[in-house]
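Residues per chain are reported as follows:
Protein chains: 2
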Amino acid sequence: MISRSPDLFKFRGVVSPRNHRSFHHRHPPPPPAPTMSDLRPPEHQVAGHRASANKLGPLVDGSGLFYKPLQAGDRGEQERAFYEAFSAHAAVPPRIRDAFFPRFHGTRLLPTEARPGEPHPHLVLDDLLAGLQAPSVADIKIGSITWPPSSPEPYVAKCLAKDRGTTSVLLGFRVSGVRVVAPGGAVWRPERPELKALGTAGVRRVLRRYVSSVSGEVADCALAAAVYGGEGGVLSQLRELKAWFEEQTLFHFYSASILLGYDANAVSATGAGGGVRVKLVDFAHVAEGDGVIDHNFLGGLCSLIKFISDIVSEAPETPPLAP
Amino acid sequence: MISRSPDLFKFRGVVSPRNHRSFHHRHPPPPPAPTMSDLRPPEHQVAGHRASANKLGPLVDGSGLFYKPLQAGDRGEQERAFYEAFSAHAAVPPRIRDAFFPRFHGTRLLPTEARPGEPHPHLVLDDLLAGLQAPSVADIKIGSITWPPSSPEPYVAKCLAKDRGTTSVLLGFRVSGVRVVAPGGAVWRPERPELKALGTAGVRRVLRRYVSSVSGEVADCALAAAVYGGEGGVLSQLRELKAWFEEQTLFHFYSASILLGYDANAVSATGAGGGVRVKLVDFAHVAEGDGVIDHNFLGGLCSLIKFISDIVSEAPETPPLAP
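So the protein lines, in turn, are chains A and B.
First residue of the first sequence: 735, per our numbering; consecutive thereafter.
First residue of the second sequence: 735, per our numbering; consecutive thereafter.
Any given hint could turn out to be false.
Treat identical chains as interchangeable: a pair holds within one or across any two.
[Stated by the list, open to error] Straight-line distance between alpha carbons at most 25 Å, and here's what the computed DMTMM-like set of lysine to aspartate or glutamate pairs gives:
(1) Lys930 to Asp1024
(2) Lys930 to Glu1022
(3) Lys789 to Glu811
(4) Lys896 to Asp832
(5) Lys896 to Glu1022
(6) Lys1013 to Glu847
(7) Lys892 to Glu980
Since the hints were made in silico from the structure, they are not lab data.
Same shape as in the complex, but just chain A (with noise of 0.2 Å):
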């Protein structure tokens, strides 16, 4: 069932003229290549492996572009042919594709720091947090089962022990990676076994913090009006992403995140929902849908759109706007 090499993700929408001109209009020829002095490591990454000196990790160029180097063995030409599927698919909604997911520009070769003078293949990326100052991120892996069925056995048992030893099983997602930016700059960036660690109230917790202005250990949730409540917040996002995933039975999102953004004082000035990102990242165990909708993404997005609907009833309402 996986995908094992891109040519699995079949397209079963029609492809006329038409939709291939769509798809030429969704996925336009690489911009001019970066040099190696043009890229870094986002400053603002929560999850996954950080770009050094021995590591591969995704980069960005400052003008708007996230690259994220091709994974080892399957995963990043499965990731490259999901990117491909999906951009293609005439029955994604464009509404869905540009609200919830990054655009994407292609694969280019990119040298790294990691393997100096063996240019490596890089997904080219919408950075997602462009245009956001001072971004509060939060990573959160969707569904309590992170394996695509058809994995072969020793990866679903190593699968299965993260997803029993952090919250994914009992709460249909778990916190990956979040950074919070107080107001004045204070940042608070809890390690990851830390968060590995997190039982149901720890969640809880994380999700308060993610949303609130103070620096010590208080949640006080002032911008969880703002931030997860109202129009174009991050409760209202996930509502319609819940909607596709009611209905679309074209992919099941394994081990997929749900990555939140937002900019403590773009929110602050301009009140509820100024520029709250809602997007899907990290696609290398897509499998496809055949049918069935992913109701192990939906269940694990339902849970997460509670915890977030319980924050935000128990919160005080949207501050005042800034003079």
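Take the given structure of chain A and dock chain B to it, following the hints.
Relative to the frame of chain A, chain B by itself:
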């Protein structure tokens, strides 16, 4: 997390004298004890052990009650604890309890053929198929995960093998039993190995056949509009259940089933929704929800809803009422 003894289901609602009265209202003193000659295995049972000279199994008394023997080990006590907690819980909407769950009448020691001279405790429940003359029944186990998160390792491995070996992981549910009575009286009842071997297409075929009038291999879906669609039909009941599961954080229904029941003659005579039943059963693995929604059941329920709504969309319109 999984309840190992009845007192693990804590009553979180305030148990005021009023709630207490309502508990007694819902949990009336058991009716007079039936004798062994009144009791017989239910004719329409499609899943679980069948009562015989060698095995305990459920019994009915023909007057609307269903006696389920307490299962061995913790399971029996666990299921009883669930029924007691659920019957009395102030936060369960009465409409949900009445529409979707068998009413619980306590436990009772009963003589059995399998263990003569050694009365066995039975849960006394409403017979969910009482009043249907020739019920067509489907037992659908919901959830891609059928083991409570706190289960010990060997139990997880055993369940996981079944969940992967059937459609549970892939579809979020599996058909555990089905029995279809055509208006003429012919019965179609596939054997368990056949049901276990079903894939996605096979499940779709069984769900179509469940609402078909023909006895052959081709499903005409003649009753789809009446049984699945329309006011009071399966789909509208499943959607009401779904709305509750999006909010309820009291219980996680691991390994529970949705039981569907209808009478082909009644449906043909009365048209849409006549006496179509949608009930939850099998609560030996229910865990406390602890403030988290049952994303696993909800995901599977949404997947089942999609399968059934696809069948309704493709099916012929409601047949004209019988003269």
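Hints and how they fare:
1. In this assembly of identical chains, the alpha carbons of Lys930 and Asp1024 lie at most 25 Å apart only when taken from different copies (20 Å versus 33 Å within one copy).
2. In the homo-oligomer, the alpha carbons of Lys930 and Glu1022 lie at most 25 Å apart only across protomers (23 Å), although the nearest pairing inside one protomer, at 29 Å, exceeds that limit.
3. Only within a single protomer do Lys789 and Glu811 lie at most 25 Å apart by alpha-carbon distance; the minimum there is 19 Å, versus 54 Å between protomers.
4. In the homo-oligomer, the alpha carbons of Lys896 and Asp832 never lie at most 25 Å apart, since the shortest distance is 32 Å inside one protomer and 39 Å across protomers.
5. For the homomeric pair Lys896 and Glu1022, the shortest alpha-carbon distances inside one copy (24 Å) and between copies (22 Å) are both at most 25 Å.
6. With identical chains, the CA atoms of Lys1013 and Glu847 are never at most 25 Å apart, being 28 Å at best within one copy and 60 Å at best between copies.
7. Within a single copy, Lys892 and Glu980 get their C-alpha atoms no closer than 29 Å, and across copies no closer than 30 Å, so neither meets the 25 Å cut-off.
Violation of the numbered hints given earlier is confined to hints 4, 6, 7; the remaining hints are satisfied by the structure.
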